[in-house]
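Student: If you want the building blocks of each chain, they are given just below.
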Amino acid sequence: MVDAASFKGRDIISMRDFNREELDFILDKATEVQPLAEKGSDLLKGKILATLFFEPSTRTRLSFESAMLRLGGGVLGFAEPKVSSVAKGETLTDTIKVVESYADVIAMRHPSEDAAVVAAEAASIPVINGGSGPWEHPTQALLDLHTMRAAKGGIDGLTIALVGDLLYGRTVHSLAVALRNYDVKVYFVSPPELRMRKDVIDDVKGRLDYVETGDLKAILPKLDILYATRVQKERFSDPADYEKVKDAFRIDRAFLAGAKKDLVVMHPLPRVTEIATDVDDTPHAWYFRQARHGIYVRMALLGLVLGAL
Amino acid sequence: MVDAASFKGRDIISMRDFNREELDFILDKATEVQPLAEKGSDLLKGKILATLFFEPSTRTRLSFESAMLRLGGGVLGFAEPKVSSVAKGETLTDTIKVVESYADVIAMRHPSEDAAVVAAEAASIPVINGGSGPWEHPTQALLDLHTMRAAKGGIDGLTIALVGDLLYGRTVHSLAVALRNYDVKVYFVSPPELRMRKDVIDDVKGRLDYVETGDLKAILPKLDILYATRVQKERFSDPADYEKVKDAFRIDRAFLAGAKKDLVVMHPLPRVTEIATDVDDTPHAWYFRQARHGIYVRMALLGLVLGAL
Amino acid sequence: MVDAASFKGRDIISMRDFNREELDFILDKATEVQPLAEKGSDLLKGKILATLFFEPSTRTRLSFESAMLRLGGGVLGFAEPKVSSVAKGETLTDTIKVVESYADVIAMRHPSEDAAVVAAEAASIPVINGGSGPWEHPTQALLDLHTMRAAKGGIDGLTIALVGDLLYGRTVHSLAVALRNYDVKVYFVSPPELRMRKDVIDDVKGRLDYVETGDLKAILPKLDILYATRVQKERFSDPADYEKVKDAFRIDRAFLAGAKKDLVVMHPLPRVTEIATDVDDTPHAWYFRQARHGIYVRMALLGLVLGAL
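Protein chains in written order, with the working numbering: chain A, 1 to 309; chain D, 1 to 309; chain W, 1 to 309.
You may find that some hints are simply not true.
You can't tell identical chains apart in this list, so a pair holds if it fits in one copy or across any two.
[What the hints assert, rightly or not] DSS-like cross-link-like pairs, simulated, lysine-lysine; straight-line CA separation at most 27 Å:
#1 Lys246 with Lys217
#2 Lys152 with Lys97
#3 Lys198 with Lys222
#4 Lys29 with Lys45
#5 Lys8 with Lys39
#6 Lys29 with Lys39
#7 Lys39 with Lys205
#8 Lys82 with Lys198
#9 Lys97 with Lys233
#10 Lys39 with Lys261
#11 Lys260 with Lys97
#12 Lys205 with Lys88
#13 Lys233 with Lys244
#14 Lys261 with Lys8
#15 Lys29 with Lys8
#16 Lys244 with Lys88
#17 Lys260 with Lys88
#18 Lys88 with Lys233
#19 Lys261 with Lys152
#20 Lys97 with Lys261
#21 Lys217 with Lys244
#22 Lys205 with Lys45
#23 Lys261 with Lys88
#24 Lys152 with Lys29
#25 Lys82 with Lys246
#26 Lys29 with Lys97
Hints were generated in silico from the structure; no laboratory data involved.
Okay, chain A solo, but in the shape it has when bound:
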């Protein structure tokens, strides 16, 4: 049985580590703590979160910090590796073994795929993966699921497109793996050069009803959720290829005329041009509200791994 004790002291590293019952438990807790985000709380008073960000981030770092402050806890850390001892040649393992003396829980972002696993192994306190290279971004997947529940009342039965850079985009990797626990239809929509990463396909095959396609327009009318991501120009060897696909997935108000009235458009943000600003004030736009759900989910996670919920 899944209960709060299942999470105390636990690392949050990969969506591969969570089954349906656990995901639903976390999402329910996120809903439960939502009022505390408005009025504040002393639930984690005396506890300290270390935010170790070896890569730049606005939303993930500030979201973790906000979640911790809303629960009455304290925050320390760094926003870039240059100001840390990594600049002196320290290994990640050593950094973690020191920081675990200073804090009760660690939220970390790192450019290496295996950094979160390495950190979790080194640490005696819980480590939450805030993005590990192109591999995974599990707390983003959780907030994505929570947003879908808020927007649609539930996740089962939805038709969902993950659109854009599915090869390097860590948010869609975690989300695809998470979605294999739900009864959904998923389209992986990308240019051929950026098809869904092989190990994710391996992990979802047989457990998720998915289709790979490059034609967003054709499937648009069926979608309940359109989850857009940035197509990163620097991944393309030929700029002409980039220019071609960039426009294929550019979502604007005119494009959405072909969509269901209650289509929900999500994006992990930051966006550049893949969602036009004329979508922002349509009912489709959920990407800013989505950021708010990050607070609820991270409050729930911090409270759970610290044994306070």
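Using the hints provided, position chains D and W relative to the given structure of chain A.
Tutor: Chains D and W in isolation, oriented as in the chain A frame:
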């Protein structure tokens, strides 16, 4: 009538937006909260300030953070744009629409003139302008006024010189506009290349008794307040021009022999050479005490816009 | 007589400033506050620590911040000079005279040898030296002493080797000076190019039983404490010299076969190659636990200089 309700949820963007009654109300509140700066308070417990600094700053950022901590609130943010999602090409509007989910009030510094206005339009929570390019720095003007009241017992009747770079210096722009609400005599003292910015002149003309001059020495004996600013070397095309005017406005103990005994010397800081350190231990020197008034004023503003005062 | 009143408002700048009775008082307080590090406290509620780090640091900065948060206080500051007004040409004295309005105590790291002294002179609030160029790092020495007490039950009677870069290593400077207050035998073990700094030798001569040597292997069997430090490659003009001495002091499990069973290996961290990771899971390894003692010592110092202990 101006009361606390006039400020709840309000943005603090420009000194153009405040009349005499409002300024006095804020300054009175700043005096009122002064004791809380010593003993601390739980007035803003559970509230979060986001400090978004797209330009480096010691005093303004730390002053806002200190004010928030003194009131029992929490703080998150960044001290330079490089660690934020702006590095990924995000617009300011998008950044603000995300951050408003993480905090209850935003204090922002940005190199663009219109950034504070843009941010305030985007945000559903109050935005306080902590410096917007060369345009305005309204909280600095408020702390300047509060310092004048502390030093002189009031502002009406004072003879005040704003000295140095009046073209690019945002602090003197906000201060000049604020002073139009008081019965004062103001000298705008600058080299010809750095005369008071045109739109400020337009805004104060007919509402402020001012004179533009390049001769500080001549007016020195009349002054109650000498407000010095940095003359920025990089603004001059001919270094010889800079060398000439730099010395014209260098204030040292010998120069102040020609001043009133109770002349108050102020400076928004940081200073480089425009006030010699031999002035620091004279009774004229108010520039370090001035920094302390920033705490009181920012405590008052945070408390007011969050509806807690 | 030494009591809490001896420390209220006091600067912590150099181990030269503390006698045996004072050191023991601080170390006893550090042991006393240890339980508060686990359960948190409101001892410094309403107080603010400014961490001014003009040089990168993970452990010292985060350790101070953790200590302050554990005691219920607030923290502000900067992790690198670029984001501060130093970039605009402000003197350290001016920066300090401003920051003292924002905080109740300052912890500072600076590349200049005399920076901590300059800051303490400028400030009306207590300044704690978190590392001043190659000169001193007094709070590190205190946590080193506290670790020795924890590992060995006391400091008197120990045989201690300080190993590595004794010329530029600020931690061993402070530790050597601190140890002159105890009845210990100390070996200064270094390559000839990096022998213990002259002014430290002058300060300990006649008050500390020490021997300078380059042969760690020969003295290893006698040691109770082996305190390793990084040998910094960039200090050597001839890379061949570096390669030779680097290996002379590389400590691994095989090397420690010649040591006492209860030898305690310490290191201020970060390490690079001077202690092999195969030592990490031996009982000799105290360097990660050592970091935890930094919290206790800094909690004690913050509480003492703020008059709360």
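Student: None of the hints should be skipped; say for each whether it holds.
Tutor: Each hint tested on the structure:
| no. | hint | in the structure |
| --- | --- | --- |
| 1 | Lys246 with Lys217 | within (14 Å within a copy, 63 Å between copies) |
| 2 | Lys152 with Lys97 | between (43 Å within a copy, 22 Å between copies) |
| 3 | Lys198 with Lys222 | within (26 Å within a copy, 58 Å between copies) |
| 4 | Lys29 with Lys45 | both (19 Å within a copy, 23 Å between copies) |
| 5 | Lys8 with Lys39 | both (25 Å within a copy, 17 Å between copies) |
| 6 | Lys29 with Lys39 | both (17 Å within a copy, 25 Å between copies) |
| 7 | Lys39 with Lys205 | neither (43 Å within a copy, 47 Å between copies) |
| 8 | Lys82 with Lys198 | neither (33 Å within a copy, 32 Å between copies) |
| 9 | Lys97 with Lys233 | between (37 Å within a copy, 25 Å between copies) |
| 10 | Lys39 with Lys261 | neither (34 Å within a copy, 52 Å between copies) |
| 11 | Lys260 with Lys97 | between (51 Å within a copy, 25 Å between copies) |
| 12 | Lys205 with Lys88 | neither (43 Å within a copy, 33 Å between copies) |
| 13 | Lys233 with Lys244 | within (11 Å within a copy, 48 Å between copies) |
| 14 | Lys261 with Lys8 | neither (42 Å within a copy, 37 Å between copies) |
| 15 | Lys29 with Lys8 | within (14 Å within a copy, 32 Å between copies) |
| 16 | Lys244 with Lys88 | between (44 Å within a copy, 21 Å between copies) |
| 17 | Lys260 with Lys88 | neither (54 Å within a copy, 31 Å between copies) |
| 18 | Lys88 with Lys233 | between (33 Å within a copy, 12 Å between copies) |
| 19 | Lys261 with Lys152 | within (13 Å within a copy, 64 Å between copies) |
| 20 | Lys97 with Lys261 | between (52 Å within a copy, 24 Å between copies) |
| 21 | Lys217 with Lys244 | within (15 Å within a copy, 67 Å between copies) |
| 22 | Lys205 with Lys45 | neither (44 Å within a copy, 49 Å between copies) |
| 23 | Lys261 with Lys88 | neither (55 Å within a copy, 31 Å between copies) |
| 24 | Lys152 with Lys29 | within (18 Å within a copy, 46 Å between copies) |
| 25 | Lys82 with Lys246 | between (33 Å within a copy, 25 Å between copies) |
| 26 | Lys29 with Lys97 | between (30 Å within a copy, 25 Å between copies) |
Consistency with the previously given hints fails for numbers 7, 8, 10, 12, 14, 17, 22 and 23, ordered from lowest to highest.
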